[in-house]
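**Student:** Since each chain comes alone in its own frame, lean on the hints to assemble the complex.
Residue numbers (my numbering), protein chains in the order written: chain D, 1 to 177; chain U, 1 to 193.
Some hints here could point you the wrong way.
[Stated by the list, open to error] List of simulated lysine-lysine pairs, DSS-like, C-alpha gap at most 30 Å:
hint	chain 1	residue 1	chain 2	residue 2
1	U	Lys152	D	Lys85
2	D	Lys85	D	Lys101
3	D	Lys166	D	Lys154
4	D	Lys91	D	Lys164
5	U	Lys47	U	Lys95
6	D	Lys101	U	Lys163
7	D	Lys85	U	Lys163
8	D	Lys85	U	Lys14
9	D	Lys101	D	Lys91
10	U	Lys145	U	Lys14
11	D	Lys154	D	Lys101
12	U	Lys152	D	Lys91
13	D	Lys154	D	Lys91
14	D	Lys91	U	Lys163
15	D	Lys154	D	Lys164
16	U	Lys10	U	Lys47
17	U	Lys152	U	Lys163
[To be verified] Looking from chain U toward chain D, a few residues come up when the C-beta cut is under 7 Å (computed):
hint	residue
18	Tyr54
19	Gly137
20	Ser139
21	Pro157
22	Leu167
23	Ala179
24	Ala181
No lab work stands behind these hints: they were computed from the structure.
Since the model is a prediction, treat every value here as computed from it, not as a measurement.
From the three backbone atoms N, C-alpha and C, an ideal C-beta is built for every residue, glycine too.
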Amino acid sequence: MHTQSEVGYNTKIEGDVVLTTVDAALSWFRANSVWPMPMGLACCAIELMAVGASRFDISRFGSEVMRFSPRQADCMIVAGTVTYKAAGFLKRIYDQMPEPKWVIAMGACASTGGMYRSYAVLQGVDNVVPVDVYVSGCPPRPEALLDALMKLQKKISREPVVEKMKLMNLNKSEVAV
Amino acid sequence: MVTLSEQIAKLKDKFGALISDPVEYRGEVTVTLTDCQEVVAVCGFAKRQLGFDYLIDISSIDNYGSDPRWTLVYHLRSMATGQEWRLITHVSEEKSELPSVLPVWRTANWHEREVYDMMGIRFTGHPDLRRILMWEGYSYYPLRKDFPLAGKPTDLPGIAFTKPAPLEGGPFVTLPSPAGAINREPRVRTVED
Chain D
1 MHTQSEVGYN TKIEGDVVLT TVDAALSWFR ANSVWPMPMG LACCAIELMA VGASRFDISR
61 FGSEVMRFSP RQADCMIVAG TVTYKAAGFL KRIYDQMPEP KWVIAMGACA STGGMYRSYA
121 VLQGVDNVVP VDVYVSGCPP RPEALLDALM KLQKKISREP VVEKMKLMNL NKSEVAV
Chain U
1 MVTLSEQIAK LKDKFGALIS DPVEYRGEVT VTLTDCQEVV AVCGFAKRQL GFDYLIDISS
61 IDNYGSDPRW TLVYHLRSMA TGQEWRLITH VSEEKSELPS VLPVWRTANW HEREVYDMMG
121 IRFTGHPDLR RILMWEGYSY YPLRKDFPLA GKPTDLPGIA FTKPAPLEGG PFVTLPSPAG
181 AINREPRVRT VED
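Next up, chain U with everything else stripped away, as it sits in the complex (with noise of 0.2 Å):
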């Protein structure tokens, strides 16, 4: 059986440059792309050549006041042989779009609408981007580290509203901030902060 550290090598002989080495954590494989133009190309030589024929799932990030602000997650999957890997790829955020990679899996269809209506990332070449979770008409994206926990008031007459929740200064609150996750916690505040 050909080995995952074989495939990204052939990965990685075809696309060259835009193939960072990969980086293993904890028996996981994570290959960067740094051009996320090229996405569709990479997805679709891993699903043709490589036999990753499965797209488990397609979540986004956001590195709210680092750039790029968005990195886009790919995790593929090979139903044949178990190998899983991820590809990530940066998107800065004058741009927040990137080519859909809906031609090569078809289930990215979801994937996409859902990273569109939580991140307000667009996918190019989409067929039908719209909001799936929320509602048409909503004007935020609510999973941008700027966007308060507690939601921000709307009124689409007819078809809902928000208000934004009561949530008394905490005690659940993690504040946006580039810091990292222990950083960000509520529990390192004290009551004064």
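Just chain D, same shape as in the assembly (with noise of 0.2 Å):
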């Protein structure tokens, strides 16, 4: 019984190979090249742009591209206090990014509305948007965004594209029919 034989692998002939399923390659792919929107909003997007300057950089995470057209990105970090007349942006911004997209709520204002319990702010942008990790501090540290950023990173190397892919294709199916 030798696997090897049984796919036919053989080091000296067909050089380095490493064997994976479909999904665990493509989610590793997803999860290392998260290309963030930056929604900053208040102060807490300071310590986004330090978290993309050398002393933290995030690109060690594969994320330093941040992408000010929604179009181009994959995960919007919501930096700062929501209001409610930013939130209809907010949510125009989300509905314009490409699946697969992904939210963070940086920051206690970001999460909750923060100290801001007034008319004018939303309650947490999770209100207009589903959000995948939350960040806490006022603001946050960087690393607590690097954090969050790891965090999500394990959320989507977790997900089964393949069938997503799958099921997606068969609500068109469905849809077309």
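**Tutor:** As structure tokens, then:
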């Protein structure tokens, strides 16, 4: 019972080959190239900039490509206080992002409204968009945001990509019929 | 150099009983205008004859529970001499309207829009009296004392919605009341109140 011979793999002939599943490979690609959409609304955006700069260096996690166009972004980082007036724009930008997409609520304001218990402030961005990771802090330290990004990467790498695609195609064909 | 008190005296010579005696408190001079309809004439005189060419700010006060309800505060400054004083005038709640000082200082445009947005005081003659902070169609004036801090529910589909914020009874809520600032503060209330 040699598994190697079953797949016809011989390192001496075929060189370095890694065996994996399509799911694992695709989600590995996805998890290590999360392009953020920086939704900087208040002071948390300053910490977000620090995360992007050399000392904390978000590029160690493959997320240095901040995209100011939602069409090219994977993960919206909501950094700051979301007012009701801004909530509509935020939702629209989220809707313009292509699937698959994720959201990080950075800081107390984006997560819950924070100290702004007031007529003007949305009490948590999860009222308008689905949030994957919440980061506590006012504002959070850059390390906290990196931690959130690592948690998001773990979440992404657990996703059954192929199964999801099959389901989506199934839904499409149902719609077409 | 002409002193500020001489400047105010000139103002008083021109407008007589319309202008109160200046009140000085901690080096700041306040003058009350008794008829809010004359605000453009007084401000125009202050700018053109007295040289107060800079309108720092217009703010409004809600004297909730007393009459007249609104107080408008104009902060004036002369860029040449650095002198500052403030002109205040009262507006009743039934009227809630006074002339715009836009013909005197063009900067009044956004100041007056903000007062309109937050307090609901209208300015006659303003060319573009729209809301500036909240959105068009929002139906309240949030800085009025009788507006709850938590807000009120509204919904304007496609534009914005609001929901009351969960305040859980405090602790940072100042109650609407004509009492002084110290007695309105949340710290004077016990938990049972």
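**Student:** Look at each hint and say if it fits the structure.
**Tutor:** Verification of the hints:
1. At roughly 15 Å between alpha-carbon atoms, Lys152/U and Lys85/D fall within 30 Å of each other, so this suggested pair holds.
2. Straight-line distance between C-alpha atoms of Lys85/D and Lys101/D comes to about 23 Å, which keeps the hinted pair within the 30 Å bound.
3. For the given pair, Lys166/D sits about 22 Å from Lys154/D by alpha-carbon distance, which is consistent with the 30 Å threshold.
4. For the proposed pair Lys91/D and Lys164/D, the alpha carbon gap of about 24 Å is at most 30 Å, so the pair holds.
5. At roughly 27 Å between alpha-carbon atoms, Lys47/U and Lys95/U fall within 30 Å of each other, so this suggested pair holds.
6. As the CA atoms of Lys101/D and Lys163/U are separated by approximately 27 Å, the hinted pair is consistent with the 30 Å bound.
7. A threshold of 30 Å between alpha carbons decides the hint, and for Lys85/D with Lys163/U the separation of about 12 Å falls inside it, so the pair holds.
8. For the hint linking Lys85/D to Lys14/U, the alpha-carbon distance of about 46 Å lies beyond 30 Å, and the restraint is violated.
9. With a CA separation close to 13 Å, the supplied pair Lys101/D and Lys91/D stays within the 30 Å bound.
10. Restraint check for Lys145/U and Lys14/U: the C-alpha separation of about 36 Å exceeds 30 Å, so the hint is violated.
11. A threshold of 30 Å between alpha carbons decides the hint, and for Lys154/D with Lys101/D the separation of about 15 Å falls inside it, so the pair holds.
12. Proposed proximity of Lys152/U and Lys91/D is supported: the alpha carbons are some 22 Å apart, at most 30 Å.
13. The straight-line distance between the Cα atoms of Lys154/D and Lys91/D is roughly 25 Å, inside the 30 Å bound, and the hint therefore holds.
14. At most 30 Å may separate the alpha-carbon atoms for a hinted pair to count; Lys91/D and Lys163/U meet this at roughly 17 Å.
15. Only pairs whose Cα atoms come within 30 Å are accepted, and Lys154/D paired with Lys164/D is accepted, the gap being roughly 17 Å.
16. The suggested pairing of Lys10/U with Lys47/U holds, with an alpha-carbon distance near 13 Å, which does not exceed 30 Å.
17. For the proposed pair Lys152/U and Lys163/U, the alpha carbon gap of about 6 Å is at most 30 Å, so the pair holds.
18. A distance limit of 7 Å between C-beta atoms decides the matter here; for Tyr54/U the minimum to chain D is near 30 Å, and the interface restraint is violated.
19. The criterion of a C-beta within 7 Å of any C-beta in chain D is not met by Gly137/U, whose closest approach is roughly 11 Å, and the hint is violated.
20. Checking Ser139/U against chain D by beta carbon gives a least distance of about 12 Å; that is not within 7 Å, so the hint is violated.
21. At its closest, the beta carbon of Pro157/U sits 10 Å from a beta carbon of chain D; the interface hint therefore is violated under the 7 Å criterion.
22. Hint status for Leu167/U: holds, given a least beta-carbon distance of 5 Å to chain D, under 7 Å.
23. Hint on Ala179/U is violated. Least Cβ distance to chain D is approximately 22 Å, over the 7 Å limit.
24. For Ala181/U, the interface hint is violated, since its Cβ never comes within 7 Å of a Cβ in chain D; the closest pair sits about 19 Å apart.
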